[in-house]
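Participant: Chain A is fixed; fit chain B onto it per the hints.
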Amino acid sequence: MIKRIFIRDTNSSSADKARDFCNVLRNQLREKQMDEKVQLIRAADMGVYNQGIVMRILPDDLLYGQVEEKDIPRIVSETICGGKRLNDLMCHHAARQCRIVLRNCGVVDPESIEDYIAQDGYQALAKVLEQNDPEKVLAELKTSGLRGRGGAGYPTWLKWNLARNVKESQKYVICNGDEGDPGAYMDRSVLEGDPYSVIEGLTIAGFVTGASKGYFYIRAEYPLAIERIQKAIDQAYACGLLGENILGSTFRFDAEVRLGAGAFVCGEETALIASIEGKRGYPRPRPPYPSTQGLWGKPTVINNVETLANISPIILKSGKWFAGIGTETSKGTKVFAVTGKVKNSGLVEVPMGTSIREIVFDIGGGAGSGKKVKAVQTGGPSGGVIPEDFFNTPVGYENLQKIGSIMGSGGMIVMDESDCMVDIAKFYLRFCVDESCGKCAPCRIGGTQLLNLLEKISDGKGEEAHLAALRRISFAMQKASLCGLGQTAPNPVLSTLNYFEDEYRTHVLEKRCPARKCGRLFRYSIIQEKCKRCGLCVRNCPSDAISGNREKGYVIDEAKCSRCGLCLETCKPNAILRG
Amino acid sequence: MDAAQLEKDVSEIAGDWKNKEGNLIMILHRIQSKYGYVPREVSLEISKHLDIPLARIYEVITFYNYFKLEPPGKCTISVCMGTACYLKGAPTLLNELERVLGITEGQTTKDGMFRVEVVRCLGCCGLAPVLTVDGKIYQGVKKNEIGEIISKYAAEENGGNGGHKEKP
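Residue numbers (the numbering used here), protein chains in the order written: chain A, 1 to 579; chain B, 1001 to 1168.
This is chain A alone, in the form it adopts within the complex (with noise of 0.2 Å):
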């Protein structure tokens, strides 16, 4: 049998050592002519940290860590050819992390199908046609509590049952994969990494609510997702698992991709259907729900990526032992990806409950810049920054609900000191102004002034009063807008200046940028003293703002400087203050 290694550097400070421990990997296999018989693969998270270089050995299931190069003979000659366990390199990492979701990525391949089933694939359908009952799947998904991992939480065993008490002869089930949420990718890497389970699932919910077609809605900005279902999909054709009578039962189902077009309005599933129609991307009002009048007016289910990859582990190990984990409220396990100022940057699945705490230092190993982390923001534009006093919050949709964020598709970005809050809320207000659709007044005109005047404040033109402006605009964006992305545009403003209104003081009254990013509240000057007069600022700004000559030293002039730091970063001395 074919022995697969999985590799990794987890020291995330180093140089990444296990190109070179592959490549003596690969030629000792040669040696003992094993080279066929292994397959090397570095892989890019495998939920171990700061354990020097891992390997993960399947089907074995050997977890190794802090291997050197020295320790390689041994490994080869005694566990890829002899099947021992060397005792002395298993890595014995706390298991934080509990893998549902992303139980098959990086174990099964993700191009071939009978893998897939090797491992469990499929038993899920084929349990779920021969008891022939939706009904029991629906109870299932109800003791199990799953809701919908795109954000919003909605049980998604009700979802289900809406559409399938429709009675209507047509149905629709989509997968929403139009990630937009910039700094998450969790739905990228399911649908790259497993792209079975993924359809898996949607078959079930085709199955369950009397739906015979199902539709992928993929961004665009993601050709390797895109190219991996589609192939995953021709070969559940090829094997009876899409098409009719799937697995000898009366089930018909049929699949196909459909793109996205870099429009962040269509992962509202209202706009996401009119995409699908080849239409503008455009929100309508709810109610009639999708669920009773959805894509071409028939009943639609739409269900997250992630949704759907936990449907076929509940299906086999009950809604029950589902249910055994997470909290009250929010059950089962939810990917985050973890990155932005922390030193182990990648994706994580905890099981609901676990603090923020816990996943940004015990596992994501702390901000690694030596600076304090100030905030993480989850959630992404509709969400909210979480400051680093409620760090031990446990996750959960109420939890993080409470504390003014969202749980979100699950983008938890980690801030430090050095980054601004004024200039965080203009980052994610500028993306929804960009991405708003038009169509509602309090969106289209309450975003653009909510810039205008955080603009105004990170370029020290702030006044006391635009601090209360921000909060009624929010107000009356959040209660007028027409669909989710509108309402919840305000967020990160009104987070920021929840928690951290000193700043935007500091930024208003003082007319200073704590964190040194808003570009017109700090200036760039040259310590004389420190000055080696090389001249090598004047030769490398690009505005030349700097003047002066070896004799008199140089002077910066503020108002042509463009802030572009290139003086800062080129001058040997360190002679250049930012402040």
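Worth double-checking, as some hints may not be accurate.
[What the hints assert, rightly or not] Okay, the calculated beta carbon distance ranges per label pair: (1) A:168 / B:1137: 41 to 49 Å; (2) B:1011 / A:224: 26 to 34 Å; (3) B:1016 / A:317: 34 to 42 Å.
[Said to hold, decoys possible] Heads up, simulated DSBU-like pairs for lysine-lysine below, C-alpha to C-alpha not over 35 Å straight-line: (4) A:279 / B:1136; (5) B:1018 / B:1136; (6) B:1068 / B:1152; (7) A:213 / B:1048; (8) B:1142 / A:456; (9) B:1136 / A:231; (10) B:1136 / A:17; (11) B:1020 / A:213; (12) A:572 / B:1143; (13) A:279 / B:1018; (14) A:372 / B:1142; (15) A:298 / B:1034; (16) B:1143 / A:461; (17) A:371 / B:1142.
[Claimed, not checked] Just a sample of chain A residues kept apart from chain B, beta carbon distances all over 10 Å, derived: (18) 27; (19) 109; (20) 240; (21) 365; (22) 387; (23) 452; (24) 456; (25) 516.
These are computed hints drawn from the structure, not numbers from a lab. Don't be surprised by glycine CBs; every beta carbon is placed ideally from N, CA and C.
Facilitator: Below, chain B without anything else, positioned relative to chain A:
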């Protein structure tokens, strides 16, 4: 483009999508991957072929960021402005690109060589900051590496060995 050829191309592109519901966006994707953008004469032909008004086609093209109405540069440099990239210095990279190439985001250099774009999120936040040149990903890019990346592509283009491969 000669009319007969255009008609043939368009019916090839539309292909089996012609009779499917909600096909317009998928057909536009195919056009853009063939030409690199959506040329007006192709839109006109599609309008005839599918029997939908040109205004409907433009309505959709202009709504979605992904569709372009102008030809791209020979090399398209896309700077990721996802949150992680933003925090890790993507704005600095964009400034540097704009400075070195003398164009702003969304423009193409006069010689038609480089086009600079900002993209929302490429979904490789762990590698931030990220930019892509013709789809090839550069991770953890630093400001002083920009010049190097650009000159590499410029040299390849001037190298005479056919330069960059045609877009599929």
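Participant: Checked against the structure, which of the hints given earlier come out wrong?
Facilitator: Hint check: nothing fails, all pass.
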